[in-house]
Structure formats: C-alpha cells, structure tokens
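Engineer: Sequence:
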Amino acid sequence: MVEESIKSGKLKARLPRGLADRGPAEIAATRNLVERIRSVFERYGFEALETPAIEYSDALGKFLPDQDRPNEGVFSFKDDDEQWLSLRYDLTAPLARHVAENYRNLVLPYRSYRCGYVFRNEKPGPGRFRQFMQFDADTVGSASMAADAEMCMLAADTMEALGIPRGSYIVRVNNRKVLDGLLETVGLTGPEKEAQRLAVLRAMDKYDRLGLAGVRQLLGDGRKDESGDFTRGAGLPEADIRTITSIFEPVRDVDDRIAQIDLRLRESKVGQEGREEIATVSRLVRAAGYDSDRILIDPSVVRGLEYYTGPVYEVELTFEINDDKGRPVRFGSVGGGGRYDGLVARFTGQPVPATGFSIGVSRLAAALAHLGKIETGDARGPVVVTVFDRGRLADYQRMVQSLRGAGIRAELYLGNPKNIGNQLKYADRRKSPCVVIQGDDERARGEVTIKDLALGAELAGGAQERADYLKLQDEAQIAVKEAELVQAVRAVLERHGRR
RNA sequence: GCAGCUGUAGCUCAGUUGGUUAGAGCGCCUGACUGUGGAUCAGGAGGUCGGUGGUUCGAGUCCACCCAGCUGUACCA
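Here the first sequence is numbered in the numbering used here, starting from 1 and rising by one per residue.
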C-alpha cells in the first residue's frame, strides 16, 4: 500500500469495510432516536453512566490466557506497559467492571443506562457494522424477577415510543435454566459434553430463521445451505432431537406454554427453576397489562452463550421490509438482554445478581429509515448573504452577523463570487430558505433584496423561455430597507415553517 | 473461515464469435442567454477496463493466481 502510493504519487481515500461516515441527516435521525430512548429509560428510573471505549482486555472477558492475547473478535492493542487493551464490544462488560470498582459507593440495586459506540472485529453485512451504537439499561444488585419483567416492559415501551406500532415488534422471553434443563433431560451433562451442548443451543437459536426442519438437521447429522456449504450437526439421536424440538410445539396461550415446559422438564431441577422464573416474569408483565402480543414466552430464544444465567429476552421487528431493489430484508433482532448473575463476581468474588437490556441503535435506525419513521434529509440550510461587489465584503459580513445575532442561521458566500448565478446555485444546493443580495442599485437606495428560493422555484416551475423565467424570479424577491433586513428574513423563514 | 456470484467514467450500465482510437445516460466543470437557481444551446474534463502473470499476431473479452465487493453460511460477547 505504501509502495503503491509512492508509485502513483497519491493515497487512495478509502474507508475500512464495515465502517461508515454519517452525514447531517443521519446524525439528526440518530440524535432523535437516542433522545426518545433516553426519555423512556429515564422514566423507568435509570440514571446515566458513561464509561470509556477502551478497557483492559481481561476486564472484557475476552482474553485468551492460553494464547496470551485477546480474542480475535475484539480490536486490541498493547499499552506502553505491555498490557492488552481492547475497544469495548458491548456495554455490559464495562458496566460490570465499573460496578465492581465502585461497589461500596453505589446505591444498590444500582440502576443505570448508557449509550455509545461499540466495536466488533468481524465480518460486516447488511445492517451489521464493525462500529455501531448501543443503548443499555441494567439493574445490578437485584435477584428479583421483577427486575427482569421490567426489562421486557421497558423494551416494549421503547419500541412504541419510537413509533413502531404494537404488533410490529415482539419481545420474546426465555430462560437459560429451561434450556439447561432440556440439555440435562437428554443427558448432555458434564464437561465432556460441552461442545455438544453449545451445538444444540446454536441450533435452537436458529429456529426462527431455519424453521423446524433446519433445526432438526442441525441437531442431527448436519445441514447443507443453499450455496452448497455444509454445517456439521450436533449428532444427536432421533429420540433426543424429538425431545428437544418438542419444546417448540405450538401452544394456545401462556398457561399452556408453561404447562408444556413443566411437563417436558419434570425430571430436571434446574429446568423447574427456570419454569418457575418464567412463570413469575409472565405473571408480572401480564398484571401490568402486557399481553403476548407484546411480550411472548418463546423457548427458542438463546442469546449469547457466555454469561447469561436466567431470563433472556430479545426484541424483534416483525414487519417485512424491502430493500432498494425490492428484495425483502430481515432486520432480525434490534435488542436483547438477560440476567447475568456471574459477571460482576469475576471481579469481586461475591455473587452480584444483575440483569440488563440493550438496544442496537444503528440497526434500529436502519430499520426505521426503511419504515419511513425517520426523516431523512431535507433539513433547511442557512440564509446565504451573497457577495455582489467583492470590495464590500465587510458590509456583507456585517449583515451576516446581524442575522446571526438575531438567532438566524446565516453565512457569507465564501466561494469565488464572480457572479450572482453561482451563488444562487450554491444556496439552492444548501437548501437555503432565502438569499440576501445587495448590488449597486440596492445600495444606492439603502436597501437589500431578499429572495425567497422556495417561492422562486415554485413560481418559475413552468417557465420555458429565459425571459419569462427571469420575470417570475423577480416576483419571488422583495426589496427592504437595510435596517429591516432581520425582520424581513424572519418573515420568509416563518412563511416556510422553521425547522 | 467456507461456498457461490460480481468487478468497465463520480453513479447506473452497454461493449458482437478475441480485432484499430472503449461507449451511453445521468452527474460534474466552463461558456452563452440582463445582475438570479430551472429549462435550452455550445464546449470540456474524467477510465492502466480490480491487480499480476499467462495463451495469442492481437485480450475489456480466454486461462491461472491474487485482491475487493455482494449474497448465503459458520462464528458472534
């Protein structure tokens, strides 16, 4: 690369893949999204917390001690004292670090939220980036299922606050203890079965995408996808496959679902604990008015394989979206979370129960943009004061300052002011509401011309001849005394509605 | 990582069975038309055809390898 740039004499401007620049429209949309999420989270009583983007790799739990380096999925580098540092890949591990470090000073249960970019060094895809924004809420120091129930309700409320109608999203809830009970029931216990257990959980997690048939293949010998690639299965015997997939069988309602789990996991102590927890969460959310059209018990939810210990939840958008070529796009999960009772204990040695929920802001923003729930672009630009006579820059800049002083976004034309046409073209592209012009004629009368660009475009729309066009343009502008500049500009802005 | 597909101008794409100087539309720049966005008209810039080798008298076109992108899949805290 360096060689290449020497050869050609210039550097190729390029963005690393999986990363994106953001323009004004996207920034505004994200800010708007974040503010709405924040207002819901604050209404639930969570308080703000910010932690840095960089942590010690071991604090993130992604250090591979046997290889003396961090996991490849995280961006890592060495500090000058040879200690490994990493960019955070979620907001939960840093929170656990913060809580452990400040345990004595925090009011428990500690309820906090945070928002920020996280980084993952993995293959990007549609709606998947190597830097993306998450918005998290966590309750640390409470083992109560009420804390988990609340996370589910928070998720549902947040979706609706973002304008996603009920029925277009679903919060699906499961419990890791139920899954553990299921594994126990088919005899997958003990350390030597670890790999198989993971394979089973991964297979179950794909139920929504691959359906029953796909999951059965992955639990058994394996599955070949449409590109011809083969995925090895968990290698379970048919009887065990049937036992596991029986948990997916459709049921009429929540009570049946819980009864079904009870029946399947009759022999498993941990499974029964899980059933108990699910039933409690379910009872709490229902009492608060959240029915299964919003919060649904779904035994196929798995989430991460690393640290969840109890309830797990996932928010999914359920409407179909097409991309710009008309093909359907699946956005999948836009948020999720669960209980992680062991995470803080890694630092303190004392078990600290905790549960949290995380929203993928970037993915959600992409989905909402497709839905048309986010205004993209069309933000008004500033008022442009044109330079008619380049010897009088000081006068024009004074006009700009008087507009700015009145709280109006305004700027002096800073390009080459060789003619007025270019300056109007510039203002047009900036989506300026109006321009200010003062040539010799106006100057002699102590006036300025204010041209309403939107009105001009509207009036001149049908003109064919140049002469007609110019005449119509003339009607879109007014001359006012210099002293009335601010007032007249404000009148134009009000005519078009301020933004 | 694995598999399939695709790489030609800023963008979207043509480019014949291998044949002279690689094109179009849009966009961009300059100018004309009164001191005014648009339209119109007249000009213009911009490409090592992803890269490197090979086959051939001759390669955008065929072959090999590499790189990048897309899609699926695996992994995913």
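No wet-lab data here; the hints were simulated from the structure. Remember, it's a predicted structure, so these values are computed and weren't measured experimentally. Don't take every hint at face value.
Derived EDC-like pairs (lysine to aspartate or glutamate); straight-line CA-CA distance at most 16 Å [as the list claims (entries may be wrong)]: (1) Lys206 with Asp225; (2) Lys62 with Glu122; (3) Lys418 with Glu447; (4) Lys481 with Glu442; (5) Lys425 with Glu411; (6) Lys193 with Glu122; (7) Lys269 with Asp395; (8) Lys62 with Glu72; (9) Lys62 with Asp90; (10) Lys78 with Asp68; (11) Lys78 with Asp58; (12) Lys431 with Glu447; (13) Lys481 with Asp395; (14) Lys62 with Glu267; (15) Lys481 with Asp441; (16) Lys481 with Asp428; (17) Lys471 with Glu458; (18) Lys481 with Glu447.
Simulated restraints, written as ranges between beta carbons of each label pair [claimed, not checked]: (19) Asn105 with Arg232: 48 to 54 Å; (20) Ala143 with Asp262: 20 to 26 Å; (21) His496 with Val34: 26 to 32 Å; (22) Leu108 with Asp58: 32 to 38 Å; (23) Arg232 with Ala143: 23 to 29 Å; (24) Gly332 with Arg38: 20 to 26 Å; (25) Asp389 with Glu484: 17 to 23 Å; (26) Phe230 with Leu305: 17 to 23 Å; (27) Phe230 with Asp255: 39 to 45 Å; (28) His496 with Asn105: 50 to 56 Å.
Ideal Cβ placement from N, Cα and C applies to all residues, glycine included.
Engineer: Looking at the structure, which of the earlier hints fail to hold?
Structural biologist: 3, 6, 7, 12, 14, 16, 22 and 23
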